[in-house]
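Input sequences plus hints: build the corresponding full structure.
Number of protein chains: 2
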Amino acid sequence: MEIKVLKDILGANEQIARKNHALLEQHGIFAVNIMASPGAGKTSLVLQTIKTLRSKLKVGVIEGDIASTVDAELVGKEGVPVVQINTGGECHLDANMIQNALNNLPLKSIELLLIENVGNLVCPAEFNLGEHMKALVASVPEGDDKPFKYPLMFTTVDAVIINKTDLLPYVKFNLEAFTKAIKAINAKVEIFPVSCTTGEGVQKWAEWLFARMRPAAAG
Amino acid sequence: MEIKVLKDILGANEQIARKNHALLEQHGIFAVNIMASPGAGKTSLVLQTIKTLRSKLKVGVIEGDIASTVDAELVGKEGVPVVQINTGGECHLDANMIQNALNNLPLKSIELLLIENVGNLVCPAEFNLGEHMKALVASVPEGDDKPFKYPLMFTTVDAVIINKTDLLPYVKFNLEAFTKAIKAINAKVEIFPVSCTTGEGVQKWAEWLFARMRPAAAG
Numbered sequence: 023m024e025i026k027v028l029k030d031i032l033g034a035n036e037q038i039a040r041k042n043h044a045l046l047e048q049h050g051i052f053a054v055n056i057m058a059s060p061g062a063g064k065t066s067l068v069l070q071t072i073k074t075l076r077s078k079l080k081v082g083v084i085e086g087d088i089a090s091t092v093d094a095e096l097v098g099k100e101g102v103p104v105v106q107i108n109t110g111g112e113c114h115l116d117a118n119m120i121q122n123a124l125n126n127l128p129l130k131s132i133e134l135l136l137i138e139n140v141g142n143l144v145c146p147a148e149f150n151l152g153e154h155m156k157a158l159v160a161s162v163p164e165g166d167d168k169p170f171k172y173p174l175m176f177t178t179v180d181a182v183i184i185n186k187t188d189l190l191p192y193v194k195f196n197l198e199a200f201t202k203a204i205k206a207i208n209a210k211v212e213i214f215p216v217s218c219t220t221g222e223g224v225q226k227w228a229e230w231l232f233a234r235m236r237p238a239a240a241g
Numbered sequence: 023m024e025i026k027v028l029k030d031i032l033g034a035n036e037q038i039a040r041k042n043h044a045l046l047e048q049h050g051i052f053a054v055n056i057m058a059s060p061g062a063g064k065t066s067l068v069l070q071t072i073k074t075l076r077s078k079l080k081v082g083v084i085e086g087d088i089a090s091t092v093d094a095e096l097v098g099k100e101g102v103p104v105v106q107i108n109t110g111g112e113c114h115l116d117a118n119m120i121q122n123a124l125n126n127l128p129l130k131s132i133e134l135l136l137i138e139n140v141g142n143l144v145c146p147a148e149f150n151l152g153e154h155m156k157a158l159v160a161s162v163p164e165g166d167d168k169p170f171k172y173p174l175m176f177t178t179v180d181a182v183i184i185n186k187t188d189l190l191p192y193v194k195f196n197l198e199a200f201t202k203a204i205k206a207i208n209a210k211v212e213i214f215p216v217s218c219t220t221g222e223g224v225q226k227w228a229e230w231l232f233a234r235m236r237p238a239a240a241g
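Here the protein sequences line up with chains A and B, keeping their order. Under my numbering, think of the first position of the first sequence as 23, with each following residue one higher. Under my numbering, think of the first position of the second sequence as 23, with each following residue one higher.
Since the list gives no way to pick out one identical chain from another, each pair is judged satisfied if it fits inside one copy or across any two copies.
Below, computed lysine to any residue pairings styled on SDA-like, alpha-carbon distance capped at 25 Å: (1) K156 with F52; (2) K205 with T109; (3) K73 with Q225; (4) K194 with T220; (5) K41 with E112; (6) K194 with T219; (7) K73 with K194; (8) K194 with G223; (9) K226 with L189; (10) K99 with N196; (11) K194 with P215; (12) K226 with D188; (13) K78 with H49; (14) K210 with E148; (15) K73 with E100.
Simulated from the structure, these hints should not be mistaken for lab results.
As structure tokens, this is what we get:
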């Protein structure tokens, strides 16, 4: 008699992430997982991206925070569909939370889904959500030594947005050294210096994102 | 026959934390667990605290990072005993890591031990290390909404150092509202606005810390 051996080949999170990905594909939604330290400017980037791309695309947002609805309220003012996830202590979003959020969004009215993760440069890097792309918002006042200290995050992402470039005159931050350090551990990554306060550089990021979503239309 | 039931009353971390505390007490060492987001200025505060208190006290340092020895090298230049912990992926320091670090420090030559945790506003708040005091370094460019988003961290600490006050003219940050928000969830906390770049406010923090360590000498 042959004995059936059931292997948990994929962890539970990865299984649900794949289901999320299939659901997103089915609706033609391109999802971006946006990660960063607390206060690097994830919400500001979400708001700037909505403003820049809303004439071309229908945007939806999932806001992840341990507590509060501060960010979802800000995004809601832009008139786009938004769901707030409160993780209640958990330091990252996981695929199951995203599955619940997707069940509460009008998927037929969304083409670009921006997922703002919990502010944390460590744990979110370990959890796939079913997204198409991972982006990291780094910020100038955090300093240029972060790629050495948080290597998994910097190697996991497809794009790094260096925010708060308007503060470059006031802090020690070597943009060239930072870019070089990121490229050394992640050669394929795209890097976008921006200021969500002045709007500088946002257009370039948004255009690249759009081209990545719609290679044909953009080409 | 009576059956013995062994209960894990304290978790493993808490058990080791108590041992660490006893060891520190035995050597008359006062330990501070310094937590913050990545790039808020933990290392800068450690350096400023060493400079301000070294004439009064023998200081030692434990540096916690996922990877790299960047911070320990900076601290080492000050000529104080320092050990670097690389957590290798773990998003926080735990009591076991501190136990190992204590075994590698000249405890007889230390009166104040500054422990710099991994840059993370979530997970480190959940792990006692055996320290006497927990301090949080918040920074002005992170924004003033953080107490609502990371409540456990803000309620766990004995002191909040608000760093980078030199950037107040260049960013949106309401110091009064921030202070009020912290006090609302943690009435007993002490708050110190400082700039580790200009040195402003550091003296006040250092004096308070010294008084807390040595109530008699300071009084």
